[in-house]
Amino acid sequence: MEKNLIKNVREMVPLVHNITNYVTVNDVANILLACGGSPIMADDEAEAAEITSICGGLNINIGTLNARTVQSMLLAGKKANALGHITVLDPVGAGASKLRTETAAHLLDAVRFSVIRGNVSELKALWGSEAKTKGVDADIADRVTEENLDEMIRFAKQFSAKTGAVIAMTGAIDIVADAKRAYAIRNGNGLMSKITGTGCMLSGVVAAYCVANPKHLLDATAAAVAAMGLCGEIGFQRLQQTALSGTSSYRTYMIDAMSNLNDEKLEEGMKIEAR
Amino acid sequence: MEKNLIKNVREMVPLVHNITNYVTVNDVANILLACGGSPIMADDEAEAAEITSICGGLNINIGTLNARTVQSMLLAGKKANALGHITVLDPVGAGASKLRTETAAHLLDAVRFSVIRGNVSELKALWGSEAKTKGVDADIADRVTEENLDEMIRFAKQFSAKTGAVIAMTGAIDIVADAKRAYAIRNGNGLMSKITGTGCMLSGVVAAYCVANPKHLLDATAAAVAAMGLCGEIGFQRLQQTALSGTSSYRTYMIDAMSNLNDEKLEEGMKIEAR
Amino acid sequence: MEKNLIKNVREMVPLVHNITNYVTVNDVANILLACGGSPIMADDEAEAAEITSICGGLNINIGTLNARTVQSMLLAGKKANALGHITVLDPVGAGASKLRTETAAHLLDAVRFSVIRGNVSELKALWGSEAKTKGVDADIADRVTEENLDEMIRFAKQFSAKTGAVIAMTGAIDIVADAKRAYAIRNGNGLMSKITGTGCMLSGVVAAYCVANPKHLLDATAAAVAAMGLCGEIGFQRLQQTALSGTSSYRTYMIDAMSNLNDEKLEEGMKIEAR
Numbered sequence: 001m002e003k004n005l006i007k008n009v010r011e012m013v014p015l016v017h018n019i020t021n022y023v024t025v026n027d028v029a030n031i032l033l034a035c036g037g038s039p040i041m042a043d044d045e046a047e048a049a050e051i052t053s054i055c056g057g058l059n060i061n062i063g064t065l066n067a068r069t070v071q072s073m074l075l076a077g078k079k080a081n082a083l084g085h086i087t088v089l090d091p092v093g094a095g096a097s098k099l100r101t102e103t104a105a106h107l108l109d110a111v112r113f114s115v116i117r118g119n120v121s122e123l124k125a126l127w128g129s130e131a132k133t134k135g136v137d138a139d140i141a142d143r144v145t146e147e148n149l150d151e152m153i154r155f156a157k158q159f160s161a162k163t164g165a166v167i168a169m170t171g172a173i174d175i176v177a178d179a180k181r182a183y184a185i186r187n188g189n190g191l192m193s194k195i196t197g198t199g200c201m202l203s204g205v206v207a208a209y210c211v212a213n214p215k216h217l218l219d220a221t222a223a224a225v226a227a228m229g230l231c232g233e234i235g236f237q238r239l240q241q242t243a244l245s246g247t248s249s250y251r252t253y254m255i256d257a258m259s260n261l262n263d264e265k266l267e268e269g270m271k272i273e274a275r
Numbered sequence: 001m002e003k004n005l006i007k008n009v010r011e012m013v014p015l016v017h018n019i020t021n022y023v024t025v026n027d028v029a030n031i032l033l034a035c036g037g038s039p040i041m042a043d044d045e046a047e048a049a050e051i052t053s054i055c056g057g058l059n060i061n062i063g064t065l066n067a068r069t070v071q072s073m074l075l076a077g078k079k080a081n082a083l084g085h086i087t088v089l090d091p092v093g094a095g096a097s098k099l100r101t102e103t104a105a106h107l108l109d110a111v112r113f114s115v116i117r118g119n120v121s122e123l124k125a126l127w128g129s130e131a132k133t134k135g136v137d138a139d140i141a142d143r144v145t146e147e148n149l150d151e152m153i154r155f156a157k158q159f160s161a162k163t164g165a166v167i168a169m170t171g172a173i174d175i176v177a178d179a180k181r182a183y184a185i186r187n188g189n190g191l192m193s194k195i196t197g198t199g200c201m202l203s204g205v206v207a208a209y210c211v212a213n214p215k216h217l218l219d220a221t222a223a224a225v226a227a228m229g230l231c232g233e234i235g236f237q238r239l240q241q242t243a244l245s246g247t248s249s250y251r252t253y254m255i256d257a258m259s260n261l262n263d264e265k266l267e268e269g270m271k272i273e274a275r
Numbered sequence: 001m002e003k004n005l006i007k008n009v010r011e012m013v014p015l016v017h018n019i020t021n022y023v024t025v026n027d028v029a030n031i032l033l034a035c036g037g038s039p040i041m042a043d044d045e046a047e048a049a050e051i052t053s054i055c056g057g058l059n060i061n062i063g064t065l066n067a068r069t070v071q072s073m074l075l076a077g078k079k080a081n082a083l084g085h086i087t088v089l090d091p092v093g094a095g096a097s098k099l100r101t102e103t104a105a106h107l108l109d110a111v112r113f114s115v116i117r118g119n120v121s122e123l124k125a126l127w128g129s130e131a132k133t134k135g136v137d138a139d140i141a142d143r144v145t146e147e148n149l150d151e152m153i154r155f156a157k158q159f160s161a162k163t164g165a166v167i168a169m170t171g172a173i174d175i176v177a178d179a180k181r182a183y184a185i186r187n188g189n190g191l192m193s194k195i196t197g198t199g200c201m202l203s204g205v206v207a208a209y210c211v212a213n214p215k216h217l218l219d220a221t222a223a224a225v226a227a228m229g230l231c232g233e234i235g236f237q238r239l240q241q242t243a244l245s246g247t248s249s250y251r252t253y254m255i256d257a258m259s260n261l262n263d264e265k266l267e268e269g270m271k272i273e274a275r
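Chains A, B and C supply the protein sequences, listed in that same order.
Those letters in the first sequence? Residues 1 to 275, per the numbering used here, in order.
Those letters in the second sequence? Residues 1 to 275, per the numbering used here, in order.
Those letters in the third sequence? Residues 1 to 275, per the numbering used here, in order.
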């Protein structure tokens with residue numbers, strides 16, 4: 001694992017353009033600031049490409065998408081590709097509606113992504129939509145377990161080979177893979193699923209980490225995934241010490257932990273295994 | 001009052017589709033998770049009905065509405081009716097603009113709602129708009145007091161009889177009524193009005209409670225109203241114990257309390273009276 | 001400096017219509033409540049002017065603007081002018097895209113603003129766009145320092161003379177000026193820049209303070225700027241006393257401090273200098 005990944009973020013303060021859902025957008029902005037980056041949100045066709053061009057990275061999240069913002073995602077994605085910028089796709093809800101599955105597939109066709117970050121069912125939906133049109137086997141399990149870990153890593157590597165993107169498949173065990181190498185990450189806490197936006201926030205952090213470490217996308221993505229999980233652990237410990245606290249405090253504690261994180265703490269706390 | 005209403009929510013984890021305003025949407029998502037449900041937000045015509053169909057309930061909130069989202073509300077509402085799903089209407093700001101009053105009235109015409117949750121002035125505006133077109137008496141007081149409680153309960157029952165929906169009229173004293181029965185609820189704290197979104201959050205919780213308790217809509221709605229008020233009380237007590245804290249901490253404490261709530265605590269803390 | 005500015009806000013509870021970005025809208029609503037005002041958000045053409053007409057003030061913030069909301073900003077702005085209401089412009093990201101710079105310039109042409117609140121680069125972009133078309137000197141420094149303070153105050157006064165608006169230029173040192181008088185304000189904490197929305201929140205507070213103190217716009221704006229900075233200081237002190245806390249707690253602590261602020265605390269804590 002590369003060293004100084006977080007230091008590089010805090011020194012560069014990478015500017016990330018986010019076209020993202022209005023549910024968790026405030027948390028995405030605040031965690032981007034907390035992790036050392038800087039957020040800009042802009043979703044109108046008339047400025048999407050221009051805003052992208054002044055940033056170092058683009059984070060596209062399809063939650064609460066609509067016809068207008070999908071157009072902006074395409075314009076911004078193509079501009080980011082033309083400029084060689086980091087691009088992250090978060091296919092929120094792919095599989096839950098035709099609009100989301102097709103939009104994610106369309107984005108994958110039209111834009112080269114540096115990283116795709118989703119849960120198993122979202123990535124399966126994307127794969128399945130590829131699979132349908134291309135005749136590949138789309139028979140993937142529904143979640144990553146110790147038992148199917150090898151198989152899921154193979155799927156992630158294959159997905160990466162197809163798309164050219166680092167794949168971050170997050171769940172109880174996280175997998176981060178490119179076509180050749182993979183990490184299994186066992187940080188995090190089950191309570192994170194009781195907060196909206198932990199996935200969206202992670203995708204923002206992934207973008208910032210990758211912009212500041214462009215030659216190490218696999219490691220930068222893995223570090224971001226481990227960092228988010230570790231913040232979930234640190235936040236949970238703090239929660240246990242605070243009478244009457246619950247899930248809303250937990251959200252605050254996670255973002256707090258991200259704002260205090262550095263490479264030393266991450267190295268000490270991350271539970272990562274090269275596969 | 002039915003037993004185990006909250007237990008049923010926590011066991012079922014009801015999925016609720018929210019078409020809601022962007023001001024308080026994050027709080028609605030987080031309190032839905034905190035109360036034991038699961039939120040999905042989707043407001044585009046191209047997916048509104050499809051997302052509704054994979055959920056158990058639909059929560060329509062007209063704050064920050066626009067032509068596009070109103071169309072989605074209608075499509076989702078009709079689909080929810082066709083599938084026999086729980087539907088909640090939160091007519092935010094009805095009475096404040098023609099667009100809101102008319103949209104709420106239009107929704108009432110086109111969609112059968114399981115529950116309508118609003119403050120007195122919003123419900124009066126809806127009633128008045130019915131009244132105008134139907135010649136009924138719309139002369140209702142501006143807020144519920146101990147003095148006019150009987151009269152306001154009569155209004156709520158009448159409103160329920162007209163619409164077929166359980167009516168949740170929230171304020172200093174809350175009234176929850178169907179055509180025949182009513183509850184007066186005296187939980188809550190005045191400081192709740194200094195937080196944006198307590199009403200929106202409550203409507204989300206109402207949806208989750210009703211999806212998990214479909215045969216007891218009146219009791220489920222009353223329990224949700226009492227639960228929100230009780231969380232306001234628990235949060236206020238905690239606030240008193242925390243130096244320098246204020247309204248933003250209060251919001252956190254309320255959602256925290258919801259995440260820790262169970263049937264025992266609710267039964268012990270609720271101040272509810274059958275009328 | 002006028003007395004009782006905050007008392008006037010808390011007594012009047014001024015209603016402020018906000019057409020603002022979806023990133024920080026929840027914080028804007030909550031800080032408006034915390035400072036003693038009351039927020040309404042509405043951004044559709046079909047109701048923008050009508051909602052404005054029931055309020056005392058209008059706060060236009062161009063972050064995450066789009067063609068639909070720009071139209072609403074114009075309609076609401078003209079209505080507010082016709083009714084003699086307080087109008088605040090927050091030109092978020094002016095200079096970052098042509099759409100934002102031109103929209104801000106267009107708004108300045110079409111609407112008379114009581115106050116314009118932005119950082120140096122946003123105000124420079126607005127000035128530059130005026131400058132380009134009108135041949136004025138647009139050579140302004142990039143940030144306010146003790147060294148260029150006189151020059152920047154001259155710029156703010158000139159900008160005010162051109163626009164008729166009180167200018168609030170915020171940064172490490174804040175300048176609040178009308179055509180003749182100016183204040184330099186040295187409240188605040190550097191960590192405020194690690195929270196999204198401190199500027200947006202301030203613009204909301206400025207609107208509330210001005211609505212409640214319409215004869216003292218310069219002082220009301222200066223008080224709001226100092227109040228926000230002082231809340232940043234109070235929040236930072238509290239942060240130092242809380243183990244494991246970070247930027248998300250800081251956001252909460254700032255809004256908490258605003259909800260507890262009064263004229264006495266502000267007078268004691270504000271670091272303001274008439275220039």
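Wrong hints could be hidden among the right ones.
Because identical chains share one entry, a pair is satisfied inside a single copy or across any pair of copies.
What the hints assert, rightly or not - Below are the SDA-like pairs computed for lysine to any residue, each with C-alpha atoms no more than 20 Å apart in a straight line: (1) Lys98 with Arg68; (2) Lys98 with Gln71; (3) Lys3 with Asp150; (4) Lys265 with Ala243; (5) Lys3 with His106; (6) Lys215 with Gly84; (7) Lys78 with Ile173.
Rather than coming from a laboratory, the hints here were simulated on the basis of the structure.
Do the hints match the structure? See the list:
Taking identical chains as interchangeable, the C-alpha atoms of Lys98 and Arg68 lie at most 20 Å apart whether they share a chain (17 Å) or sit on different chains (19 Å). With identical chains, the CA atoms of Lys98 and Gln71 are at most 20 Å apart both within one copy (17 Å) and between copies (18 Å). For the homomeric pair Lys3 and Asp150, neither the shortest alpha-carbon distance inside one copy (27 Å) nor that between copies (46 Å) is at most 20 Å. Taking the shortest alpha-carbon separations for Lys265 and Ala243, only the inter-copy value of 16 Å comes in at or below 20 Å, while the best intra-copy value is 26 Å.
In the homo-oligomer, the alpha carbons of Lys3 and His106 never lie at most 20 Å apart, since the shortest distance is 36 Å inside one protomer and 49 Å across protomers. Taking the shortest Cα distances, Lys215 and Gly84 sit within 20 Å of each other inside one copy (12 Å), while across copies they are farther apart (54 Å). For the identical chains of this complex, Lys78 and Ile173 are neighbours neither inside a copy (32 Å) nor across copies (40 Å), given an alpha-carbon limit of 20 Å.
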